[in-house]
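Chains U and G, in that order, are what the protein sequence lines are.
Under my numbering, the residues of the first sequence are numbered 1 to 350, in order.
Under my numbering, the residues of the second sequence are numbered 1 to 220, in order.
Hints were generated in silico from the structure; no laboratory data involved.
As the structure is a computational prediction, the values presented were derived from the model and not from experiment.
Hints may be right or wrong, so weigh each one.
[Unchecked claim] Non-contacting residues of chain U with respect to chain G, defined by C-beta distances greater than 10 angstroms in every case (computed):
| hint | residue |
| --- | --- |
| 1 | L13 |
| 2 | F23 |
| 3 | Q171 |
| 4 | S173 |
| 5 | L175 |
| 6 | A227 |
| 7 | L251 |
[What the hints assert, rightly or not] A partial selection of chain U residues facing chain G, derived with a Cβ cut-off under 8 angstroms:
| hint | residue |
| --- | --- |
| 8 | L40 |
| 9 | Q43 |
| 10 | T44 |
| 11 | L72 |
Where a beta carbon is used, it is the ideal one built from N, C-alpha and C, also for glycine.
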Amino acid sequence: MNYDEALETALDLSGDTAAVEAFLATVPAWRDQLNQAVRLAHQTGQELLAISPAPSAAARRQQELLQLVRQLDAAREPTFAPASRGLLAAFARPPLLAGASLAAAALALAFILGLPALNGDGPARVEAVVIEGSVSEISNGAVTISTAGSAELIQLSSDTVLTDSFGNTLQASSLNAGQTVVLKGNRSDSGVVASAVEVKDRLFGTVIAMTGDVLRLRAGQTEHAIAITGDTEIEGPIRVGSYVEVKVLRLSDGTLRALEIEAEDDDSDGGDDDRKASPGAIPTAVASTPGSTPTAGGTGGGDDDGDEDEDGPEVEDEHEDEDSKGGEDEEHQEDREEHDEPEHEDESED
Amino acid sequence: MLRENGVLTLDRKRVSQEFLDTAPAVRGTVRRPIEVTETIVFPADEATLVRQLAAFEAEAWREVFERYFTSIFRLVYVRTKQSSVSEDIAAQTFAEAAANIRSYRYRGVPFRAWLYRIARNLTADYLKADLRRPRVPLEETWLDESSPATDAETRADLLVAFDDLTDDQKTVIQLRFVDGCSLAEAAALMGKSTGAVKQLQHRALTTLQRRMSVDEKAAG
Chain U
1 MNYDEALETA
11 LDLSGDTAAV
21 EAFLATVPAW
31 RDQLNQAVRL
41 AHQTGQELLA
51 ISPAPSAAAR
61 RQQELLQLVR
71 QLDAAREPTF
81 APASRGLLAA
91 FARPPLLAGA
101 SLAAAALALA
111 FILGLPALNG
121 DGPARVEAVV
131 IEGSVSEISN
141 GAVTISTAGS
151 AELIQLSSDT
161 VLTDSFGNTL
171 QASSLNAGQT
181 VVLKGNRSDS
191 GVVASAVEVK
201 DRLFGTVIAM
211 TGDVLRLRAG
221 QTEHAIAITG
231 DTEIEGPIRV
241 GSYVEVKVLR
251 LSDGTLRALE
261 IEAEDDDSDG
271 GDDDRKASPG
281 AIPTAVASTP
291 GSTPTAGGTG
301 GGDDDGDEDE
311 DGPEVEDEHE
321 DEDSKGGEDE
331 EHQEDREEHD
341 EPEHEDESED
Chain G
1 MLRENGVLTL
11 DRKRVSQEFL
21 DTAPAVRGTV
31 RRPIEVTETI
41 VFPADEATLV
51 RQLAAFEAEA
61 WREVFERYFT
71 SIFRLVYVRT
81 KQSSVSEDIA
91 AQTFAEAAAN
101 IRSYRYRGVP
111 FRAWLYRIAR
121 NLTADYLKAD
131 LRRPRVPLEE
141 TWLDESSPAT
151 DAETRADLLV
161 AFDDLTDDQK
171 TVIQLRFVDG
181 CSLAEAAALM
191 GKSTGAVKQL
201 QHRALTTLQR
211 RMSVDEKAAG
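Only chain U is shown next, with the shape it has when bound in the complex (with noise of 0.2 angstroms):
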C-alpha cells in the first residue's frame, strides 16, 4: 500500500473514529500525517456543511421554479415532429385498426432502429463493449486491437467516431499501429462493431534506452523515440528496464514528445500524486518519500492534474484549469463557454 493508498482508506473510514486508529496503527510511518489529513478533510467537512440557504428562500426559489416548469410545459412545442405523426395517428384509430398499425408502427420503428429483435430470426445477441488495447493491424476499415492475451478484429463504420484524448476528431488515417486505444462498440455474432474510438495520447511500454533526450520505448513489437524535453514531468526512477506510462504529444511531423513520464512498476513514490522530480532531466533514481509534501499549485506548465479528458462533449464549462493557478482569480482569466445552449450532442447510439 502507498501513502495514497492510505490516504483513501483512512477518509473512507473518516466518519468512524475507532475504526480510522486502528488502520492508522498499521501504517505507523504515515500515522501522524494521515491523522491531520483526515481531521482536516473532516473539520472543513464539517464548516462547508454549515452553509445552506434560509429555508424560506429555498422553498421560495422552489416555488418559482414549479411555476416556471408549469409555463415551459404549457408552451411547448408539440413533441414529434411532422414526419412521425403518422405513427402517433395510428394510435388513435379505433381498437381493430389501432392493433395492425401498432405492428406496423414498431416493425417501422424496429427497421428503422435496426433491431435485430424484429427481423424475423429472433432475438440477436448483441453485448456493449468497451476494450482496450493496443492497434496491432490496420486493414480494409478494421484493425485488430490487443489486449492482455488476445487479439480482436474490430470493425470500423462509416459511424465509427474516431477522437483523440482531448475530444478532438481524427480522421481514420491517423490509426497507426502501436497506438492505445479504447473503443466502444457491440459484439455480435458477426464481430466487434466500433461506434467510437478514442487514442489515447499514453503509451506504456518498457525503457529500452535513453540517450540524451531522446527515450526509447518498446510497446509489443513496436519501439518508439520521444523526445524529452525541459517541460516533460517525470515521476519515479525511470531506468533502462523500466516499464512506464508516457503521456505524449504527437508533433505535426509525426514525432513523439514526452509530457509526462511515469514509472509504472514502482509504487514507492504515491501513484497519482503530483510528487514530481525536476523537469526535464531523467533521475536514475528519484527519492520520493511517502507522505512527502509536495508544492502545491502547479505553474503552468504541464497537465499535471492529468486530467486528459476534462472536455466532454456533453456539457460545456468554463475551462478552469487547475494548472492556470492565478490565486483567486484564475476563472476570470478563462474564457466561458456558451453554457445558455443545450449543452449535450446527440449521438446516434443513444
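Once you have looked at the hints, place chain G on chain U.
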C-alpha cells in the same frame, strides 16, 4: 445515489471517464493488460428521472430541487461568498436546466453533473462581471458562526486555508467530504478522470495541511 443499479467495471486510472460517460448502456468489462481497479455504478433510474423532467413533471422537478439546491448553493457560495447571490445563481441554475431539458440527452453522466456545470458557468459569468468588487475573505462572510469545527481560531485558520484552494479543489472537498461522494462519483460529477480528482484532493489536503501547519507554528 450512484451505487444503486447497473454495474460498469472500468479501470479508473486508464480509461477516460468522459469516454465512458458516452456509453450509458454499457455493462461490460474494460479489458486491458493491467488490473481492473475500480467499479463505478451508474444509476439506472437517472434516465427515468430525466424523462420525467423533460415531460415537465412537477414532482420530478420538486425532487431534483430538494436533492440538489443546497449543494449547488454551497458550490456557488464558496466562490461568490455572498448568500443572496448564491441563492440567485442556484435558482437560475434550475431555471436554465428547465429551459433546456427538452434537448438534454442522458448519456450516463449523472444529471447533477449537468446542473453543476450550469452553476459553474453562471458563477463564472457573475464573477467576471464582478471583477471590480473587492475580494472578501471567506472567513468574514461565513454563514454559520456555530459550525462544529473546534475552536474559533482554528476555524478561522481553516477557512483562510480553504479560501486558498482553487475552485476545483474546493469542489472536490465539497463533493468528497460534504456530499459523501467517492472519488469516482466526484470524477463523474466534475467531468474529470478519477486520477485528476485524486490529485485535486491530494493537493487540496496538502495545501490545507501546509497552511494549518504554518499557522500553528506562527501561533506557537
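Quick rundown of the hints versus the structure:
no.: 1; hint: L13; in the structure: holds, 13 angstroms
no.: 2; hint: F23; in the structure: holds, 17 angstroms
no.: 3; hint: Q171; in the structure: holds, 18 angstroms
no.: 4; hint: S173; in the structure: holds, 21 angstroms
no.: 5; hint: L175; in the structure: holds, 16 angstroms
no.: 6; hint: A227; in the structure: holds, 23 angstroms
no.: 7; hint: L251; in the structure: holds, 22 angstroms
no.: 8; hint: L40; in the structure: holds, 5 angstroms
no.: 9; hint: Q43; in the structure: holds, 5 angstroms
no.: 10; hint: T44; in the structure: holds, 6 angstroms
no.: 11; hint: L72; in the structure: holds, 6 angstroms
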